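**Q** Here is how the chains run, residue by residue.
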Amino acid sequence: MTNQEIIAKLPYSKPFLFVDEILQINENGVEGTYYFDEHLDFYKGHFKDNPVTPGVILTEVMAQIGLVCLGIFLLDYSFNSTTSIALTLSEIEFLKPVFPKEKVIVISEKVYFRFGKLKCKVIMKNENGENVCTGTIAGIMVSKSEIT
Amino acid sequence: MNKEQTIEELKNIVQPYIQNQEAFDILTEDTDFINDLKINSANLVDVILDIEEKYDIVIDNEAMERMVNVKAALEIIATKLSEKN
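Taken in order, these protein sequences are the chains called A and B.
Under UniProt numbering, the first sequence has 27 at position 27, and the numbering climbs by one with no breaks.
Under UniProt numbering, the second sequence has 23 at position 23, and the numbering climbs by one with no breaks.
These are calculated hints, taken from the structure and not from any lab test.
Treat the hints loosely; a few may be bogus.
To be verified - Partial pick of chain A residues on the chain B-facing surface, computed with a CB cut under 10 Å:
1. I57
2. F115
3. G129
Claimed, not checked - Between beta-carbon pairs, the in silico distance windows are:
4. B/K11 with A/F94: 47 to 55 Å
5. A/E91 with B/E83: 45 to 53 Å
6. B/M64 with A/K44: 32 to 40 Å
7. B/I57 with A/E102: 29 to 37 Å
8. A/H46 with B/E83: 28 to 36 Å
9. B/E52 with A/Q24: 39 to 47 Å
To be verified - Straight-line distance between alpha carbons at most 25 Å, and here's what the computed DMTMM-like set of lysine to aspartate or glutamate pairs gives:
10. A/K44 with A/D20
11. A/K14 with B/D50
12. A/K119 with B/E29
13. A/K110 with A/E21
14. A/K103 with B/D36
15. A/K110 with B/E53
16. A/K9 with A/D49
17. B/K3 with B/E29
18. A/K110 with B/E52
19. A/K119 with B/E22
20. A/K110 with B/E29
21. B/K38 with A/E102
22. A/K119 with B/E52
23. A/K48 with A/E21
These figures come from a predicted structure and were not determined experimentally.
Cβ atoms here follow ideal geometry from the backbone N, Cα and C, with glycine treated the same way.
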């Protein structure tokens, strides 16, 4: 599967798609980027007259690139529209703020993928190469037909 | 394999994932991981990986599906340990 095919299979759309490109992906991990457009809606309210990217959005970026893109790659062609995705764990440290017009790189390393559960160690870096978030994220990806 | 000792070891493994302390305090062989201890299915995967590590065994999909309570876990651990020797 090509990187473009993986992004096309993501079950998100604007304004909740947080993956721009996949730089590299293999069975052990993934690297991808996202650019924070200054017109994103949440900047109007977080914070008033002082836009800073919310931690929940940074977590979502890490999960979409680090967990969901990798999960689609690992499931390969068995991933389809009936596949259920659920975030089950996020333990993230937020080390530096991320402002509008910043581009971030997410680097995810698989800890395990067993019984439909994918767990990864995930780092987000800014364009200066500084870690802005680090942590662990896990989720479940299963075909609906497998849920009894 | 000493059953009482293995139950104690299992208690240590599941403790971080339980959501029902009362059921955990009176845990027996018949205690169900999901219905009694309220461990969710995602955390049950971690329980199984911790069991694999503790006993140096590999649990396959079929065994995973059977491992719903303490009794089944004890049986599966015993079977996998005997296969190893």
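**Q** Which hints from the list above does the structure break, by number from lowest to highest?
**A** 1, 3, 4, 5, 6, 7, 8, 9, 11, 12, 14, 16, 19, 20, 21 and 23
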